[in-house]
Amino acid sequence: MEKIGDEMSEKGMSGYFSAFLSRIGGVFLAPDAAFKQIIADKVGVWEPFLLILLLVGIEGAVFASFVYRVILAIAESLSYLTGNVPLGLLGAIPWIMVILMAVVALIFWIVVAGIAHISAKYIFKSEGSFVQLLKLYGYSLTPYSLVILGTVLLGISWATWPLSMFFNIVATFWVVLLMAVAVKHNYNIDVGKAFISSFIGPMVVWLIIVGVFWAWLWLIISSFAGGFV
Amino acid sequence: MAMARTILGGAFVAILFVGVVYAVVSPVLQPVSFPRFEVPWLGVEGERVIDRYSLVKETNVSDAVKFVDLNVTLNFGGINLLFSNDPDLACDVSFERSVDVSELETSYDELEGGQVLQVGAWGEAGRLNLTLGNGYLYNGTFALRIGGVMMTLGRHANVSRFVVSIKYFGGLFLEINDDASFEQIDLSVDIGGLQLVVDAESLKGSGAINVNVNVGGFSMSVDVNTSEIGVGLDAVVDVGGLTVNHEDFQGQLSQRMCSLKTVGYDGATNKLDVKATIGLGGGTLQKSLQYGFPRYGT
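These protein sequences, in sequence, are chains A and B. For the first sequence, the numbering used here begins at 60 and goes up steadily by one. For the second sequence, the numbering used here begins at 2 and goes up steadily by one.
Any given hint might turn out to be false.
[Unchecked claim] If you want a taste of the chain B side facing chain A, the calculated C-beta under 7 Å gives, among others:
no., residue
1, 9
2, 17
3, 20
4, 21
5, 24
6, 28
7, 144
[What the hints assert, rightly or not] To list a few chain A residues with every Cβ distance to chain B over 12 Å, as calculated:
no., residue
8, 71
9, 79
10, 103
11, 207
12, 211
13, 265
14, 266
15, 272
Simulated from the structure, these hints should not be mistaken for laboratory data. Just so you know, even glycine gets a beta-carbon here, dropped at the ideal spot from N, CA and C.
Turn these sequences into a full structure, and let the hints guide you.
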């Protein structure tokens, strides 16, 4: 936060914005150098926090606008039976979606960074700050802008679905790669261990959670059938 | 390199900006449309006609008639029932429907030495308004498959027994007002809501109301002079809960069962006993209704 304050006081808002653009562009072009610079600049956690909120919020808004259009279309289609009934609570669905997506993204951010931190620090016995990793993980999400672009294209025309899918796949691989680079720089470990911490670790935890959920569901269902089936 | 990073950062911000603009303007500029859902035999829109039938003493009802048995069946739509201050009127029916829908089938017959007038009405889809007089004692069965039923029992109501049922889903609203007279009313809704409003200073006699809702809610509002009308409520909910917010009631209350009576129930001039069974859903008891079904004119 200190560095941002300095930048803002020295160069004003435009200077800060220019530095922000440079950081974002750096994450795309040369993530190694960009992450090193972010660590050296001691950028505050608020910037990546707002970045995630913006990315997920805008993706949520684009998606919610589509849902809103579908709700309007259904209401119009059924107006024969229902009359011109105001949307009421249905109109709030897009807003609820945006808020839910933002909340889930923030929880995901903290959980995934937490798993990577535990893995890097306690399994690979390396040193690094969790808050620092949170910041780098925030910037690692910048390729998610391609998902927004893909969703907008899909909204404009269904015919663009191959391009939209391509953007989604590229964004996913890119985010995973950037997360591995972020762990590598934050804990000074090799990229293999960083990949295990940033991707394999969370995947294993995810699989365990899914496994426990299915086992629990299996127990519930089998209990209705009078015991183990 | 620095310039390239800034340009890429700018492209990133531009994508976000495009996303925001698209989210805002797309509902206006790019509306989605689905085919209009229309049910030909329902005919909500288009030309409408009203079928009218009246049974009036000395016109088409003999002087000997004392009781009226009503049997009303409607597949879709609404039934609205009220009583008027007309001793000669046995039954007035108006049925508003689309021209595409078949007209209301009606029948009437005088039975048991001319003392009982039996009236039948069968409709497919539309709005059925029933107006009854105050010179006869009424029994009635009202069956609706999908839609709403509204009944108002006031000082002109003289009911022996009404059975009102919504077979599939819909809403049922019953209002009891001053000096209503009824012995038993059975109300049932398969899926939907049921509202009972008792807003009366006095009743002509004691009565019972049985309520059954399989899936949905039951709301009861009671605003009575407790020395004149003793109101009892026995309710059971299988899955769900009961909420009681009424100072005039006392008795036993748990999450899914209640047995409540108004203060001074035993000494009240007349009694109104309500038994409610709710499957999946909830029940509420309060003094006044915070919300209600939209009402339509007769």
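Unmet hints by their number, sorted upward, for this structure: 7, 9, 11 and 12
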